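Undergrad: As a plain string of letters, each chain reads:
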Amino acid sequence: MSSIGTGYDLSASQFSPDGRVFQVEYAQKAVENSGTVVAIRGKDGIVFGVEKLVLSKLYEKGSNKRIFHIDRHIGLAVAGLLADARQIAEIAREEAANYRSNYGGPIPCAVLADRVSMYMHAYTLYSFVRPFGCSVVISSYDEDGPHMHVIEPSGASHGYYGCAIGKGKQAAKTEIEKIKMKEMSMRELVNEVARIVYTVHDEVKDKAFELELSWVGKDTEGLHQFVPAEIQEEAEKLAKKSLEDSDSEEDM
Amino acid sequence: MATKAFAMSQKFCDLQSPMEPDFVSAQHLTGTTVMAVQFDGGVVIGADSRTTSGAYVANRVTDKLTRITDKIYCCRSGSAADTQAIADIVAYHLSVHQLEIGEEPLVKTAAKIFQDLCYTNRDQMSAGIICAGWDRKEGGQVYCIPLGGMCLRQPVTIGGSGSTYIYGYVDAIYKPNMAQNACLEFTKNAISLAIQRDGSSGGVVRLASITEAGIERQTILHNDLPKFSVI
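Chains as they are written, first to last, in the working numbering: chain A, 1075 to 1326; chain B, 30 to 260.
Calculated directly from the structure, the hints in this document are not laboratory data. Please read these numbers as outputs of a predicted model, since none were measured by experiment. There may be inaccurate statements among the hints.
Calculated cross-link-like contacts (lysine-lysine; reagent style DSS-like; alpha-carbon spacing at most 27 Å) [claimed, not checked]: (1) B/Lys166 <-> A/Lys1292; (2) B/Lys166 <-> A/Lys1256; (3) A/Lys1311 <-> A/Lys1103.
Incomplete in silico selection of chain B near chain A, CB under 8 Å [claimed, not checked]: (4) His126; (5) Leu135; (6) Lys137; (7) Thr138; (8) Lys141; (9) Lys166.
All C-beta atoms in this analysis are idealised placements derived from N, C-alpha and C, irrespective of residue type, glycine included.
Let the sequences and hints guide you as you build the complete structure.
TA: Structure representation (structure tokens):
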């Protein structure tokens, strides 16, 4: 649903007559044009899967990662403008480090989500800066279990059990809703997340992509890590196989 | 911490090194005995009630067990002014922090904030603090933050000028995993012994136990304190 906000869309400090801030909506469009991020919270951990679109065969494999480590126990995945996202990651790292320095312990996910949303929201108030063109998902695991939050360019933040952002988000959300995630372990979710990213990837429009997978949970003892190579390989193999199977079903 | 001999030697120091600021040797020093013990399910804290300015007892019914949050208290020894100011600042920080995290703060957080203040301002202050309480993650905890601003978690700790007289008693009697009532008895006895020997400690014994249910306080008047010795 695109609408032209002629005259009321020149700066973030202006409302339109129907109460919208167009600059923020345009920032959300930047997110929708980026590769999909799928994140699912299971019973003992959270898995991130990022569809990192590769624009050139000349790029070094593994460069321009879209998943960041924040402190030891928090992961941050982004959809949207990567350069904007790097600043968000830096802010998140500073907040987490300051919290540890002031209060003597790791920052809870909900507290970090609040602080990052306040920061992103601040950039939607003035005409001399533009909003951040990225949505971020942050996750952590502690004694109370797994936690996951998504923060949009408007600064709005929600806690989720399963979420998708980026170009394939509608299709991904449909797939996520079919999964009984609250009963699944993080090991099982790796395969599911990989499968969903492969499913929503558009072979025609976007050709090559790299799958980035990371997890945090009981199996990693609360540390946020990239999924080990063997597990990722197996997940991608199963994902490709399930794509072929569903393709061959269509022929019948 | 402040015996008469120490105060006198400070005066001589002043004569010998006029570079020292005069408040270092000023007479307002508070002697104390404070103590905290951890048990399964909470902590017991205790203190005497004497505040002195030299030989004069400025307050004989002081409450040295100060609330930081509902389930985190601190035992103050050293300068009354310094420790009251620090406790107020820590209580303020924790109340804002509690709003931010949406649940009761951890004892470790309170101890960290005490440590930051005591260490950063160590040259200007004279504050020996015991931070003790209960939280849902670690249960009962006791942290001692003595003069230089170190912070250390211990199962039992004592502080103040009167504590020097009861190290032997505490070492001999303390056993891990004591029950709540045994801890209360132990604390009451230890502080009574210190009061008997330390001129800067006296008055009543204030005890409190902090658990998941909150704090329960009691005051034991001087006549009702246990008697140990006739000499």
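Undergrad: For every hint, state whether the structure bears it out.
TA: Okay, the hints, checked on the actual structure:
1. B/Lys166 <-> A/Lys1292: holds, 17 Å
2. B/Lys166 <-> A/Lys1256: Status holds; Cα separation ~24 Å.
3. A/Lys1311 <-> A/Lys1103: violated, 32 Å
4. His126: With a minimum Cβ separation of about 7 Å from chain A (threshold 8 Å), the hint on B/His126 holds.
5. Leu135: This hint holds: B/Leu135 lies near chain A, its Cβ roughly 7 Å from the closest one there, short of 8 Å.
6. Lys137: holds, 5 Å
7. Thr138: Check passed: Cβ of B/Thr138 comes within 5 Å of chain A, closer than 8 Å.
8. Lys141: With a closest approach of 3 Å, the B/Lys141 hint holds.
9. Lys166: Since the shortest Cβ distance to chain A is 6 Å, the answer is holds.
Checked against the numbered hints given earlier, the structure breaks only hint 3 and satisfies all the rest.
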